[in-house]
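Visitor: Protein chains in written order, with numbering that gives the first Met the number 0: chain L, 0 to 208; chain V, 0 to 208.
Heads up, a few of these hints could be off.
When chains are identical, the list treats them as one kind, so a pair holds in a single copy or across two.
Said to hold, decoys possible - DSBU-like mimics (lysine-lysine), calculated; alpha carbons at most 30 Å apart, straight line:
1) 87 - 194
2) 21 - 194
3) 21 - 87
4) 1 - 21
5) 87 - 180
6) 1 - 87
7) 21 - 6
8) 1 - 194
9) 194 - 6
10) 6 - 87
11) 194 - 180
12) 21 - 180
13) 180 - 6
What the hints contain is simulated information worked out from the structure, not anything from laboratory work. Owing to the predicted nature of the structure, the values given are computational and were not obtained by experimental measurement.
Spelled out from the first residue to the last, the chains are:
Number of protein chains: 2
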Amino acid sequence: MKLYDFKMAPNPRRVRVYLAEKGIDVEMVQVDIPAGENLGEEFRAINPRSVLPTLVLDDGTVIDESVAICRYFEELHPEPPLMGTDAKSRAVIESAQRHMEWDGLMSVAEAFRNANPAFDDRGISGSTGVPRIPDLVERGRASTERFFASLNDNLGQSTYVAGEDYSIADITAFCVVDFAKWIQIRAGDQHPHLKRWYAEVSARPSSSA
Amino acid sequence: MKLYDFKMAPNPRRVRVYLAEKGIDVEMVQVDIPAGENLGEEFRAINPRSVLPTLVLDDGTVIDESVAICRYFEELHPEPPLMGTDAKSRAVIESAQRHMEWDGLMSVAEAFRNANPAFDDRGISGSTGVPRIPDLVERGRASTERFFASLNDNLGQSTYVAGEDYSIADITAFCVVDFAKWIQIRAGDQHPHLKRWYAEVSARPSSSA
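Work out the full structure, taking the sequences as your base and the hints as a guide.
Guide: Now the structure itself:
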């Protein structure tokens, strides 16, 4: 089994933090996204979608998308549970985890990618021939600000993103908050709950993954 | 339990088709998105994210995001399985299902929403104060064309989207292909495998849900 990874990017980091929380070791191969290695012939032969992270099983099965990769390991290594333990908790965590993706990760990515000349002609991950759209920089920044406010509200009501237990939703949120530093957005004094939570999750050993 | 639904929108339809496949009846409440009912005070009090579908359990728990809602029912009603049965099939289906969302649904939605005056100031679902961005119409259309080509390739290699069994990935793909009609993109003679599959899935009784 091999996990194609890139140390600097937020999505591969989600899987690395998840694996660290589970104590699972997987062979990693680095693919440099800004240098375009993910779009090169060699990696396209492995995953034509050209996205990271990508997990390749020993039988050749290719699994991309961070949460699908985590799902594979969650089924094989259920302890400690990071995706819920019954119908309600699994659904609540999946719902919260998707809020972190759609409201958070997508917003930061939109602002970051469309402002970055390294992604000229690569306005959508894994694609070429897609121009950057300058208007998305401001849209993404504004969405990120709204996300920080709503995450702060959320964390005013529960210890973790999806309730009283640490879960994969916290992993995504943590990677998003760190990713937002690349667009110069950080938690401020108006986000006391977010800061309390961030101090806690960034003190976990998995945060260095 | 109540499912907040809107008959015309693709995401709520994914859940309705899923429930029809499972033979599950849930009380539905219609919320008119183009008329802005999802952004009104009454629905915001139910789900501040203002998105549909939204499931509210009898204990008041709010679950939004189509796949999270389906996950809840999948755990309670595992037969027939639509989200896999073991680690590998669950991960492969989740991966394929996310391809349908990111490459397909998001592309069509981008073209549809940004071209539609009904969504002035609502460029992102569930939000206000977000201008439409005209450049996203063409980007979304181009991404949709690439999606149709890749879905056709995919369906040239397997009976269904995620392999030899019908799954939630087919439900999302089916709703995306129908949604694309709103932006005047349809499967053509260059998509024989997609047409073969579409004829089959649209003949299922669930397709009218």
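Visitor: Does each hint fit the structure? Answer for all of them.
Guide: Verification of the hints:
1. 87 - 194: within (28 Å within a copy, 37 Å between copies)
2. 21 - 194: within (25 Å within a copy, 43 Å between copies)
3. 21 - 87: both (22 Å within a copy, 18 Å between copies)
4. 1 - 21: within (17 Å within a copy, 36 Å between copies)
5. 87 - 180: neither (33 Å within a copy, 35 Å between copies)
6. 1 - 87: Between copies, since 15 Å is at most 30 Å while 33 Å is not.
7. 21 - 6: within (19 Å within a copy, 41 Å between copies)
8. 1 - 194: neither (35 Å within a copy, 35 Å between copies)
9. 194 - 6: within (25 Å within a copy, 41 Å between copies)
10. 6 - 87: between (34 Å within a copy, 25 Å between copies)
11. 194 - 180: Answer is within: at 14 Å inside a copy they meet the 30 Å cutoff, but 45 Å across does not.
12. 21 - 180: Classified as within: same-chain Cα gap 26 Å, cross-chain 44 Å, threshold 30 Å.
13. 180 - 6: So residue 180 and residue 6 pass the 30 Å test inside one copy only (16 Å; across, 40 Å).
Hint compliance for this structure: hints 5, 8 are not met, and every other hint is.
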